[in-house]
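S.K.: The residues making up each chain are set out below.
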Amino acid sequence: MTALTILFDGVAYGMLLFVLASGLAVTLGLMNFVNLAHGAFAMAGGYACVILVNRLGLPFFAALPLAFVAAALIGAVLERLLYRHLYGRSHLDQVLFTIGLVFMSVTATDYLMGSQQVFVQIPDYLRSQIDVFGLGVGRYRLMIIVICGLLTVALQLILGRTRFGSRLRAAVDDPRAATGLGINVGQVFALTFAFGSGLAGLGGALGAEILGLDPYFPLKFMIYFLIVVSVGGTSTITGPFMASLLLGVADVAGKYYVPKLGAFVIYALMIVILIWRPNGLFGRTATR
Amino acid sequence: MMFVRTPRLSRRLALGSLIGAAALVSVPAFAEDTVKIGLIVPMTGGQASTGKQIDNAIKLYMQQNGDTVAGKKIEVILKDDAALPDNTKRLTQELIVNDKVNVIAGFGVTPAALAAAPLATQAKVLEVVMAAGTSIITEKSPYITRTSFTLPQSSTVIADWAVKNGIQTVATLTSDYAPGNDALASFKEHFEGGGGKIVEEIKVPLANPDFAPFLQRMKDAKPDAMFVFVPAGQGGNFMKQYVERGLDKSGIKVIGPGDVMDDDLLNNMGEAAEGVVTAHIYSAAHPSQKNKDFVAAYQKAYGVRPGFMAVGGYDGIHLIYEALKKTGGKADGDSLIAAVKGMAWESPRGPISIDPETRDIVQNVYIRKVQKGADGQLYNVEFATFGPIKDPGKATKK
Amino acid sequence: MTAIPHEAMGRQLVAAARWRPAEWVFWLFAAATVLLFPDRYLILTEVAWLGLFALSLDLILGYAGIVSLGHAAFFGIGAYSAGLLAKHGLINEPVLALVVAGFAAAVVGFLTSFLVMRGSDLTRLMVTLAIALVLRELANRFSDITGGFDGLQGITVAPVLGLFEFDLFGKVGYIYCLSVLFLLFVLARRIVHSPFGLSLRAIRNNPLRAAAIGIPVNRRLIWIYTVAAFYAGVAGALFTQSSAIASLDVFAFDRSADLMLVLVIGGTGYLYGGLIGAAIFKLLQQEVSSLTPQYWQFWIGLVLVVIVLLGRQRIESAVTFVPRRIARLFGKEIAALPGGEAP
Numbered sequence: 001m002t003a004l005t006i007l008f009d010g011v012a013y014g015m016l017l018f019v020l021a022s023g024l025a026v027t028l029g030l031m032n033f034v035n036l037a038h039g040a041f042a043m044a045g046g047y048a049c050v051i052l053v054n055r056l057g058l059p060f061f062a063a064l065p066l067a068f069v070a071a072a073l074i075g076a077v078l079e080r081l082l083y084r085h086l087y088g089r090s091h092l093d094q095v096l097f098t099i100g101l102v103f104m105s106v107t108a109t110d111y112l113m114g115s116q117q118v119f120v121q122i123p124d125y126l127r128s129q130i131d132v133f134g135l136g137v138g139r140y141r142l143m144i145i146v147i148c149g150l151l152t153v154a155l156q157l158i159l160g161r162t163r164f165g166s167r168l169r170a171a172v173d174d175p176r177a178a179t180g181l182g183i184n185v186g187q188v189f190a191l192t193f194a195f196g197s198g199l200a201g202l203g204g205a206l207g208a209e210i211l212g213l214d215p216y217f218p219l220k221f222m223i224y225f226l227i228v229v230s231v232g233g234t235s236t237i238t239g240p241f242m243a244s245l246l247l248g249v250a251d252v253a254g255k256y257y258v259p260k261l262g263a264f265v266i267y268a269l270m271i272v273i274l275i276w277r278p279n280g281l282f283g284r285t286a287t288r
Numbered sequence: 001m002m003f004v005r006t007p008r009l010s011r012r013l014a015l016g017s018l019i020g021a022a023a024l025v026s027v028p029a030f031a032e033d034t035v036k037i038g039l040i041v042p043m044t045g046g047q048a049s050t051g052k053q054i055d056n057a058i059k060l061y062m063q064q065n066g067d068t069v070a071g072k073k074i075e076v077i078l079k080d081d082a083a084l085p086d087n088t089k090r091l092t093q094e095l096i097v098n099d100k101v102n103v104i105a106g107f108g109v110t111p112a113a114l115a116a117a118p119l120a121t122q123a124k125v126l127e128v129v130m131a132a133g134t135s136i137i138t139e140k141s142p143y144i145t146r147t148s149f150t151l152p153q154s155s156t157v158i159a160d161w162a163v164k165n166g167i168q169t170v171a172t173l174t175s176d177y178a179p180g181n182d183a184l185a186s187f188k189e190h191f192e193g194g195g196g197k198i199v200e201e202i203k204v205p206l207a208n209p210d211f212a213p214f215l216q217r218m219k220d221a222k223p224d225a226m227f228v229f230v231p232a233g234q235g236g237n238f239m240k241q242y243v244e245r246g247l248d249k250s251g252i253k254v255i256g257p258g259d260v261m262d263d264d265l266l267n268n269m270g271e272a273a274e275g276v277v278t279a280h281i282y283s284a285a286h287p288s289q290k291n292k293d294f295v296a297a298y299q300k301a302y303g304v305r306p307g308f309m310a311v312g313g314y315d316g317i318h319l320i321y322e323a324l325k326k327t328g329g330k331a332d333g334d335s336l337i338a339a340v341k342g343m344a345w346e347s348p349r350g351p352i353s354i355d356p357e358t359r360d361i362v363q364n365v366y367i368r369k370v371q372k373g374a375d376g377q378l379y380n381v382e383f384a385t386f387g388p389i390k391d392p393g394k395a396t397k398k
Numbered sequence: 001m002t003a004i005p006h007e008a009m010g011r012q013l014v015a016a017a018r019w020r021p022a023e024w025v026f027w028l029f030a031a032a033t034v035l036l037f038p039d040r041y042l043i044l045t046e047v048a049w050l051g052l053f054a055l056s057l058d059l060i061l062g063y064a065g066i067v068s069l070g071h072a073a074f075f076g077i078g079a080y081s082a083g084l085l086a087k088h089g090l091i092n093e094p095v096l097a098l099v100v101a102g103f104a105a106a107v108v109g110f111l112t113s114f115l116v117m118r119g120s121d122l123t124r125l126m127v128t129l130a131i132a133l134v135l136r137e138l139a140n141r142f143s144d145i146t147g148g149f150d151g152l153q154g155i156t157v158a159p160v161l162g163l164f165e166f167d168l169f170g171k172v173g174y175i176y177c178l179s180v181l182f183l184l185f186v187l188a189r190r191i192v193h194s195p196f197g198l199s200l201r202a203i204r205n206n207p208l209r210a211a212a213i214g215i216p217v218n219r220r221l222i223w224i225y226t227v228a229a230f231y232a233g234v235a236g237a238l239f240t241q242s243s244a245i246a247s248l249d250v251f252a253f254d255r256s257a258d259l260m261l262v263l264v265i266g267g268t269g270y271l272y273g274g275l276i277g278a279a280i281f282k283l284l285q286q287e288v289s290s291l292t293p294q295y296w297q298f299w300i301g302l303v304l305v306v307i308v309l310l311g312r313q314r315i316e317s318a319v320t321f322v323p324r325r326i327a328r329l330f331g332k333e334i335a336a337l338p339g340g341e342a343p
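Protein chains in written order, with the working numbering: chain Z, 1 to 288; chain D, 1 to 398; chain H, 1 to 343.
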C-alpha cells in the first residue's frame, strides 16, 4: 500500500515539475533559446497567487488563472523588451543574460516580499488526505494530477493540431520562409514565450504549497528544470512529460527507501540516461 | 562553434588591468574613538531571513539606546557571507586586518562561526555568536561568547517533558548537519534514559524542499510523537506537509526544539500548528513587560513579529554595550571577554546570563503550546519553565 | 587558410607563441600587486585561485570546445584532498600536497572524461553538472570522512616549503597562490601552443575534419579534460590551503555557474580571459556587496544583463578607448598587435 502512495506522490510531483518546466522545453526545443530565468516566471506566478489569495482574499481557484495571466504578461513584456534581441545570439550570451535576470528577480522579490518562505492559504477541503481503499491520497496532490494532466493534453493538442502550433513549428524550422508565407514570426515567438511563462506561473502557484516559495525559488529549481528538459529531450512534448514523471517518482521513492542517499538517486539516474541516450530519452535520434 | 570566440588579447589585458586597479584602490577610514563591530551574517541565500532578523534587531537596539557607549561611538559594519564558511573567513579576516574591528559578531550557521574562531584567537578579538546553535562552538576559541542558544538546551528539556507526559515511542526527523545532530543526540540520550523508545531515525538533507517521503516513513512507523528539528525557515513547509499527509489525524504529535515553530513563520502555518508542543528559549508571547515592549517596537519598525534570531541579535548587541560600559570603553578582546563572563541581564526572552566558565549562554527553556491569541494570531504560549539551564552538550562531555 | 604557404604558416604559429609586451605588463602588474595593495591580499588570493580555476575551464571550453557546468567537481576533489592530507598530517608540506591533490582530481577527471565525450552541448552541460552534484551528495553521505555539511574542521596548513607560514594578513597565501598560478599559466601556455594544443583547436573548429586529417579526436579530448581537471584540482587545493576550509559548497552548482560567468566576462580561448574575468568578477562582487550587503546580487545581475545587451565587444572597445589613445601618443599601437588567431 505504501508503495502505491509513494507512486501517487511521485506522479503528482512529476506532473508539477512538468507544468513548471514545459515552458522551458518549448523555448529551448522549439525556439532554441536557453532561458535559465524560467524559474523566475514560476516564482512570479507563485507570488501573484500569494498576494491575490492572502492579501486580497480571492478564492484559490480564481487566483490560479490570474497567476497564469500575471506570469504570461510579465513574460510577454520581457520578451518584447529584452529577450527578442537575443534569439540570434550564442547560447553562452543567453546563459549569461538569463542568469543576470535570475539574480535580479531574486533580489527584487526579496526586497518586495521579504526573504522568508510564504504560503498560499489553500481552502480547507484541499488539505488532508482521503482514503481510497486504504490508500492515502492527498487531496491537494490529487488536484495537481488532474489539473496538470488536463494541461498536458491541451498542450499536446495546441502544438500538434492547431493552426498556431503549425505556425510555430514553421517559424522555428525556417523563419525566413515562414515570414514569406505571411506568418508574423515575431508575434508567434512572443505568444509562445508568454504562454510558456504563463504555464510556469501556474506551476509556481500550484507548487508553492508543496515545494515552498521564497525568493530563491528560481535558483533552487533551475537544476530540476534542466534535468527534465535534458533527460526528456526537446524535440517532443511527451519527452519532458515522461522525464518529469520519472524524475518525480525516482525522487520520492529514493527519499523514502534510501533517505540517506538524498538526491543522489536522481543525479546518478540522469547520468546513466544521458550516457545511454545523449539526446534524451525521447530525443530526435531516438525517434528516428 | 557557438561557445567560442577569440578576442583581441592586448585590448583585453588593458581592460582587465584598468578595472582591477580601479576596484582595488580604496581608503579604509579609521578613528580612535569608535568601537567597530563587524557583523557577518547571511543576507542572501537560503539563510537570509536569519541575517535580516539579526540586522533589524541590532538597528532597533541602537535606535533605542543611542550609538555611543562609554564615550565611544559604535559603528556596525554589515557584511553578507551567504552562509558560506569561506566567505565568512575572508570577511572576518578583512574586517580585522583592514577595518580594524574590535568585535566580530553574527554568524548564521555553525560552519561560519567555526571558520571565524581561529581568527578570533589569533587576533584576540571578541566573537559574539548570535545565531549558530551547535554546542562545540564556544570551545573553539577563548574569545567566543554566545547569545543565541544551544540545541541540547532545548532538546533535553523536551525529552524530559515527553517522558513525563506519557509519550513512549518517538520517531525523529532532523536536518543532517551539526545542530540537527546535536539536537538528535541530546534528545535521544534523555528520552531513552527516561525509558522512551526511538522507533525510527531519519536525517533529512539540509536543502530539501519536499518532506513528503520522509513524512510517509514517519507515518508508517506509527510512533506516539515525532521529534522534529529543521533549521529556522523550513518549519512552515514541514507543517504544511505534516497536515497534508494526515499525520495530525493519525494522532502522531509533533514535539521538538522550538525552531520548527519559529515566530517568524508561525502565523502562516495555519491551524495545523495549533497544539504543537515545543521547548524553546524565546516566544514572542513571553509574558514580560520587557518582551511586550520589544515585540511592539520591532513590529512597529519592521512590520513583522520578531523571531528567536532577532532576540539573539538584540541580546548580542546589548552584551557588547554592557561589556564596553564595564571596561570603560576598552575594546581589546581580553578586556571584553573578561567583562562578558558572568554577566546577567533581563532579555526579552527572560533572565539570561553568560556562564563564566564556558562563555556560553545560560537561560530558561520554556515548554510552549501553539494557541490562538486574543488578536486571532497564532502564538507559542509558554506553560512550563525549566532552568536556568547551562549547555548540556558540554555538561555531558565532562 | 589554404592561400598561406606552408612556411609562412609555420612562422605565424611561432609568432603566436612568442610572449608579447602586453603580457609582460600583465604579469609585472600582477607581481606589483603584492607591493601595491598590502591590505587587499585576501580578495587577491581569491582572485588568484579563481583565475586558475577559470584557466582550467578555458582549457577545455576555449581550446577544445567542451562545455561544462560541473567543473566544481574537480575543484572540490582538490579541496577535500588538500584538506584531508593536511588534517590527518599525511602530507604536511603544502606544495607537495598541492600536486597530490591535483593528481587526485586528474584521476577523477580521466575517469569521468569518458562520460562527457558523447552528446550535444546540452547533454554535456547536464552530465558534468550531475557529476559534480553526485560528488557533493557522496561527500555529504560520508560525513564521517568529510565532515558533511559542517565541513572539514581542524585543518592546519604547514608552512610553504617548510619556510613560509600562512599569516593573518594573507601575504604568504597570496604570494603562494600567485606563484602557483604563474607557473601553471606558463605550462598551459606551452600546452596550447604545442602541436597538441593546435590539434585541439582543430577539433574544436571542426571535429569531423580533424578526424579526417588523422587527429585521434577522443584521445586528445580525454587528455585535455584530464589536464584541466588537474588544474581545477590545484585551484581547489589552493582554496583549501589559503583558507583552511573545505566544505560541501566546493562542489556546489553555484561555483560552476559563477566560473562560467567569470570566463565569459573575460573571454574564452586566449588564457588570460579567466584571469581577467576572475579579477573583474571578484572585485565587482566585493565592492557592490560591501555597498549593499543585502541586495548586491541585483546589481551583479544588472551588469550581466547590460553586458549582454550592449554586446561584449562594444563595451570592450569603449573601455579601452582611452588607453589606446594614450598608447598611440607614445607611438605604439597596442590594440593593433596580433591577437589570438581567428577560429
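Calculated directly from the structure, the hints in this document are not laboratory data. On a predicted model such as this, the values are computed, not experimentally measured, just so you know. We put the CB at the ideal spot given by N, CA and C, even for glycine. Just so you know, not all the hints are guaranteed correct.
What the hints assert, rightly or not - Sample of chain Z residues at the chain D side, in silico, Cβ under 10 Å:
#1 R55
#2 R80
#3 Y87
#4 D110
#5 Q129
#6 Y140
#7 T152
#8 Q156
#9 L159
#10 T162
#11 S166
#12 A170
#13 D174
Stated by the list, open to error - Here are the computed distance ranges between Cβ atoms for each label pair:
#14 V258/Z / K197/D: 50 to 60 Å
#15 S250/D / L142/Z: 50 to 60 Å
#16 E201/D / F114/H: 53 to 63 Å
#17 V69/Z / R190/H: 37 to 47 Å
#18 G195/D / G154/H: 31 to 41 Å
#19 I158/Z / G311/H: 28 to 38 Å
#20 R55/Z / F383/D: 53 to 63 Å
#21 W19/H / V272/Z: 55 to 65 Å
#22 K197/D / A158/H: 45 to 55 Å
#23 V258/Z / N206/H: 43 to 53 Å
#24 L82/Z / W19/H: 35 to 45 Å
#25 N184/Z / L309/H: 46 to 56 Å
S.K.: For every hint, state whether the structure bears it out.
M.R.: Right, here's what the structure says about each hint:
With a cut of 10 Å, the hint placing R55/Z at the interface with chain D is violated, because the nearest CB-to-CB distance is about 13 Å. Interface hint status for R80/Z: violated, as the beta-carbon distance to the closest one in chain D is roughly 25 Å, over 10 Å. Violation of the interface hint for Y87/Z is found here, the shortest Cβ-Cβ separation to chain D being roughly 13 Å, above the 10 Å cut-off. Nearest Cβ of chain D to the Cβ of D110/Z: about 7 Å, under the 10 Å cut. The hint holds.
Taking 10 Å as the C-beta cut-off, the interface hint given for Q129/Z holds, the closest approach to chain D being about 4 Å. With a least beta-carbon distance of about 6 Å to chain D, the hint placing Y140/Z at the interface is held under the 10 Å criterion. The interface hint given for T152/Z is violated, since its Cβ lies 21 Å from the closest Cβ of chain D, which is over the 10 Å cut-off. A distance limit of 10 Å between C-beta atoms decides the matter here; for Q156/Z the minimum to chain D is near 27 Å, and the interface restraint is violated.
Evaluation of the L159/Z hint against chain D yields a violated restraint, the C-beta minimum of about 26 Å exceeding 10 Å. Here the hint on T162/Z is broken, as its CB sits about 32 Å from the closest CB of chain D, past 10 Å. Annotation: S166/Z was flagged as interfacial toward chain D, and the flag is violated, the nearest CB pair being 28 Å apart, outside 10 Å. A cut of 10 Å between beta carbons decides the hint on A170/Z: the least distance to chain D is about 24 Å, and the hint is violated.
Hint status for D174/Z relative to chain D: violated, with the closest Cβ pair at about 19 Å, above 10 Å. Restraint check, V258/Z to K197/D: a C-beta distance of roughly 24 Å breaks the suggested window 50 to 60 Å. Distance hint check: the CB atoms of S250/D and L142/Z are about 19 Å apart, inconsistent with the given range 50 to 60 Å. A beta carbon spacing of about 39 Å between E201/D and F114/H contradicts the range 53 to 63 Å that was offered as a hint.
Take V69/Z and R190/H: their Cβ atoms lie about 59 Å apart, and the range 37 to 47 Å is violated. For G195/D paired with G154/H, a C-beta distance near 37 Å keeps the hint of 31 to 41 Å intact. The hinted window of 28 to 38 Å between I158/Z and G311/H holds, with their beta carbons roughly 35 Å apart. Judged by the Cβ atoms, the range 53 to 63 Å given for R55/Z and F383/D is violated: they are separated by roughly 33 Å.
For the pair W19/H and V272/Z, the beta carbons lie near 46 Å from each other, so the given range of 55 to 65 Å is not met. Take K197/D and A158/H: their Cβ atoms lie about 48 Å apart, and the range 45 to 55 Å holds. Separated by about 45 Å at the C-beta atoms, V258/Z and N206/H satisfy the suggested range of 43 to 53 Å. Distance hint check: the CB atoms of L82/Z and W19/H are about 42 Å apart, consistent with the given range 35 to 45 Å.
Judged by the Cβ atoms, the range 46 to 56 Å given for N184/Z and L309/H is violated: they are separated by roughly 24 Å.
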